[in-house]
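Trainee: Sequence:
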Amino acid sequence: MREQGIDLWLLVAREYFEDPVVASMLDAESLHARRRTILIFFDPGQGKAVERLTVGRYGLGGLFAAAWDPAKQPDQWQAVSEIIAARAPKKIAINTSDTHQFADGMTLSQYQKLMAALPGTLQDRIVSGEGLAIRWLETRSASEAALYPNVLRAAHAVIAEAFSRKVITPGVTTAEQVQWWYRDRLMHLGLDTWFHPSVAIQRQGVTGMIEGPEVIQPGDLLWTDFGITYLRLNTDTQHLAYVLKPGETQAPAGLRQGLANSNKVQDILARQFVVGRSGNDVLARARAEALAAGLDPSIYSHPIGLHGHGAGPAIGFWDNQQADARGAGLIHANTAWSIELTSYARVPE
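Residue 19 is where the sequence shown starts when you use my numbering, and the numbers rise one by one after that.
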């Protein structure tokens with residue numbers, strides 16, 4: 019809040035229709051917003067602690083103090099107005115944004131109720147909380163950062179099992195059967211997925227990807243896009259696998275070189291990750307370096323965390339390798355990223 023120059027942040031959510039930020043603040047016993055949940059953060063300044071209030075009958079998880087007694091003030095929105103007026107903030111941030119869905123949680127009906135309750139002098143202080151919402155959601159705590167590698171290893175282990183002879187019998191198993199195997203395996207492991215897994219085939223002599231009921235054959239290059247959710251944290255990983263032909267002990271040299279090229283692009287992108295640079299700047303620098311090295315990159319990387327496609331600046335899109343409004347934000351410390359990208363190359367074989 020101090021970084022963004024905001025002294026009061028107002029969050030509103032309704033039962034089963036939570037603002038993304040409010041959803042991230044619900045404790046383990048609060049599965050949904052209750053009726054209408056209104057949270058207020060107020061920074062009194064002068065180094066004092068930020069006040070955390072919920073305009074409800076009860077507190078929230080020991081994190082927000084109850085600030086509404088319906089017996090004294092039956093109107094919840096009027097109670098909000100009185101709480102705000104008593105603190106006289108210079109800026110009142112609400113979650114509204116045309117660019118970032120994570121910062122657009124204030125619905126029209128709730129905005130109208132708020133504005134009807136606030137006096138004109140306070141209405142003029144309403145500003146977008148876009149920066150606050152993004153900074154909150156993109157930042158990983160120390161405990162989340164410590165946990166994340168284990169979550170990712172679990173996802174990698176499931177991918178390794180999916181791309182094994184335990185699951186795939188060449189000439190028998192279809193691409194979509196592997197997709198549904200993923201779903202079944204996660205159910206048995208007690209894990210969730212935030213998107214339906216993708217499995218597709220690249221095959222000699224065929225242009226583009228083959229999906230669905232196509233049977234996996236020796237000599238196929240398999241691709242998967244797979245993500246799990248564990249303890250609110252999400253993964254998003256793309257892997258490749260080659261199905262050996264009879265007598266082969268490794269993939270053809272052209273495919274191995276293609277993978278090595280993509281690994282180089284990964285290394286280049288990682289080198290360009292610098293706190294304070296925008297996503298668009300990182301994209302431009304990484305592409306320039308890769309092109310100078312004779313590679314043909316397609317870079318798509320994004321923050322990850324409480325959402326699979328997380329809050330924060332994007333670094334390219336598979337269908338747009340130029341600057342994008344969604345990549346204009348700056349990269350900050352204590353964030354997590356899914357490095358999704360590829361490079362194109364001919365396979366002589």
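Just so you know, these hints were derived from the structure itself, not from any lab.
Just so we're clear, the structure is a prediction, and the values are computed from it rather than from any experiment.
One or more of the hints may lead you astray.
[What the hints assert, rightly or not] Mimicking DSS-like on lysine-lysine, the simulated pairs with C-alpha atoms at most 27 Å apart in a straight line are:
id : residue 1 : residue 2
1  : Lys66     : Lys109
2  : Lys131    : Lys90
3  : Lys184    : Lys90
4  : Lys131    : Lys108
Trainee: Now, for every hint given, state plainly whether the structure supports it.
Mentor: Hints, one by one, checked against the model:
no.: 1; hint: Lys66 / Lys109; result: holds (18 Å)
no.: 2; hint: Lys131 / Lys90; result: holds (20 Å)
no.: 3; hint: Lys184 / Lys90; result: violated (66 Å)
no.: 4; hint: Lys131 / Lys108; result: holds (21 Å)
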